[in-house]
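In case you want the letters, here they are:
Number of protein chains: 2
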Amino acid sequence: MVTGTAAALEAVLAPIRDDLEGVEAELARMLRSRAEPLEALIAHVSRFSGKRLRPALTLLAARMFGDLRPEHRTVGAIVELIHTATLVHDDILDESFLRRRVETINRRCGNETAVLLGDYLFATAFKEAAALKDRFPARYLSDIVTVVCRGEILQVHHRNDPDLSEETYFRIIEDKTAALYAAALRCGAVLSGAPPEQAEILEAFGLRLGCAFQIIDDILDLTGEESAVGKSLGTDLDKAKMTLPLLRVRAKASPADRARMRDAIRAGTREAREALRPLLREYDALGSARATAEALVDEARTLLETLPDTPERAALRQAAEYVLARDR
Amino acid sequence: MVTGTAAALEAVLAPIRDDLEGVEAELARMLRSRAEPLEALIAHVSRFSGKRLRPALTLLAARMFGDLRPEHRTVGAIVELIHTATLVHDDILDESFLRRRVETINRRCGNETAVLLGDYLFATAFKEAAALKDRFPARYLSDIVTVVCRGEILQVHHRNDPDLSEETYFRIIEDKTAALYAAALRCGAVLSGAPPEQAEILEAFGLRLGCAFQIIDDILDLTGEESAVGKSLGTDLDKAKMTLPLLRVRAKASPADRARMRDAIRAGTREAREALRPLLREYDALGSARATAEALVDEARTLLETLPDTPERAALRQAAEYVLARDR
Chain A
2 MVTGTAAALE AVLAPIRDDL EGVEAELARM LRSRAEPLEA LIAHVSRFSG
52 KRLRPALTLL AARMFGDLRP EHRTVGAIVE LIHTATLVHD DILDESFLRR
102 RVETINRRCG NETAVLLGDY LFATAFKEAA ALKDRFPARY LSDIVTVVCR
152 GEILQVHHRN DPDLSEETYF RIIEDKTAAL YAAALRCGAV LSGAPPEQAE
202 ILEAFGLRLG CAFQIIDDIL DLTGEESAVG KSLGTDLDKA KMTLPLLRVR
252 AKASPADRAR MRDAIRAGTR EAREALRPLL REYDALGSAR ATAEALVDEA
302 RTLLETLPDT PERAALRQAA EYVLARDR
Chain B
2 MVTGTAAALE AVLAPIRDDL EGVEAELARM LRSRAEPLEA LIAHVSRFSG
52 KRLRPALTLL AARMFGDLRP EHRTVGAIVE LIHTATLVHD DILDESFLRR
102 RVETINRRCG NETAVLLGDY LFATAFKEAA ALKDRFPARY LSDIVTVVCR
152 GEILQVHHRN DPDLSEETYF RIIEDKTAAL YAAALRCGAV LSGAPPEQAE
202 ILEAFGLRLG CAFQIIDDIL DLTGEESAVG KSLGTDLDKA KMTLPLLRVR
252 AKASPADRAR MRDAIRAGTR EAREALRPLL REYDALGSAR ATAEALVDEA
302 RTLLETLPDT PERAALRQAA EYVLARDR
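These protein sequence lines map, in sequence, to chains A and B. Add 1 to a position in the first sequence, counting from 1, and you land on the number used in the numbering used here. Add 1 to a position in the second sequence, counting from 1, and you land on the number used in the numbering used here.
Keep in mind the hints are simulated off the structure, nothing from the lab. Please note that a few of the clues may not be correct.
Any copy will do: because identical chains look the same in the list, a pair fits if it lies in one copy or spans two.
Computed list of lysine to any residue pairs in SDA-like fashion (alpha-carbon distance at most 25 Å, straight line) [as the list claims (entries may be wrong)]: (1) K52 / H159; (2) K253 / D285; (3) K52 / M31; (4) K134 / N112; (5) K134 / G23; (6) K253 / A132; (7) K253 / P279.
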């Protein structure tokens, strides 16, 4: 990770560092198990532990409208648990072997165990949400998980579809990725008694942030180095997913180059990834996709400006910077 | 299905036939979706529609302690939805192609879609539970799903383990199968305001009923005809699962026969299933396993006798008969 990315992330996390430790403690409590083989699986999955960006969003949104309470940390942990469950299942779908520099569960223990462990993590998240005094998180987050699944199902349905529209692409990424960012923010705000319209502004901010995040992810999947990113890359092509850079090549390319692109996608190999590079360059497809991510981040920042000017708002601005800094 | 089985099932379902139609209506409402491709998947999965035994248990337990309310039908539908989600994921684990005479989702649409559809069904169940006025079902059923997953993970962990103990075998089937029967009953009773100790008796009844059900299932997997049972069979052997009949062979067999059995399990083929037949016969392993199922059903019936003598109690007695009638 280069300095720009690290600095942007640090600016997001610094104001809530202590509370994020509280989220870790909550995660540890939720996943405590004395029973083998579950214990070993959970120990392994906790090695995927990422940047905790989603719980950070929950805590920042919450503190924008009041003091943090233990419940906020619990909801942050629930959001992270849902995210972890989707990662475990995504790695089955993508046949990924590497996640945050660690073997995936499907690689290590087989698809069966990965399916069941993901189910266990989802159920644990719902159980913790159902135990809260406030009923909003359980109702809202269970609905959001149906949205995430709907987006992923739509994506699988459109594999090998060279005619995928941009409209459907955006529906997919909004549902499968951005909805959980938006939910992390809105949950934090609602739990702090934020005015409904301000909670909805944070939700709208999260949707744009999440879509930008996914577009940068799609760019990295085509151009990144596994050693730098720390997870299996090229899986979009392996799975013949049309992502935004490819949609932009399709929109601009000559008929001959469009045919070349389709062949490369259909081949779906590492070599195909190489064959796409000149096309991506020729039509500035990565630049075009990145410009869309930047425009989304701009919209997100503009939304923030309508909210109270607090240190948390400044940290959320940094979250927007961080999303764009990821592909440098 | 022979007459004995059908008659026993009819005696369970007849008293609540109208209310089970209400459960169907609730399921249809919960799964309404105007979005392709989800709509087509849900239409397919609804063809798995089984005997609705679990919702029937919820309704019978509920009516034992009061009049049925719409909430009871909703909880019955939630329990069935959870069961359906586990079936969709189980068919991935077992690589089954046939479920209730219909192609499984993994066979029809691939493992990816099956993983996501199962997740969607779980999340929909939790969302419906979270929407209920009474908080008990959401809290209890989310916990039960963690138990079911724990049991399944333990089972996968002990594949290819010829030394699996009977104790662990019973822990697996109690968690993966019986816990949801027990929960279906207890939820119904609690929602009707049953005295806690009577709700717990129904739960204990359900655990025994569910374990007996699973033992009979294990026997059918070794001896049944797919055309009669309507689902993929022999998958236990394909997946090198030690089930109760095999544990009974192991307990009684000569060293030479034990070695023969291990070889057959390791081979894990249809021919191996044939090779096991003489061993199962020689040591009366199916009879021994069936006797255990009968003993569990006896215990279950004895528990029922401590409950109020109502038509619902009589129907639950029939449920116990039905479980044993299934392998004739």
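Each hint, compared with the structure:
1. With identical chains, the CA atoms of K52 and H159 are never at most 25 Å apart, being 30 Å at best within one copy and 35 Å at best between copies.
2. Within a single copy, K253 and D285 get their C-alpha atoms as close as 9 Å, which meets the 25 Å cut-off; across copies the closest is 73 Å, which misses it.
3. Taking the shortest alpha-carbon separations for K52 and M31, only the intra-copy value of 19 Å comes in at or below 25 Å, while the best inter-copy value is 35 Å.
4. Proximity of K134 to N112 under the C-alpha cut-off of 25 Å is found in neither arrangement, the shortest distances being 36 Å within a copy and 37 Å between copies.
5. In this assembly of identical chains, the alpha carbons of K134 and G23 lie at most 25 Å apart only when taken from the same copy (19 Å versus 31 Å across copies).
6. When the C-alpha separation of K253 and A132 is checked against a cutoff of 25 Å, the pair qualifies neither within a copy, at 52 Å, nor between copies, at 48 Å.
7. In this assembly of identical chains, K253 and P279 lie within 25 Å of each other by CA distance solely inside one copy; the values are 14 Å within and 69 Å between copies.
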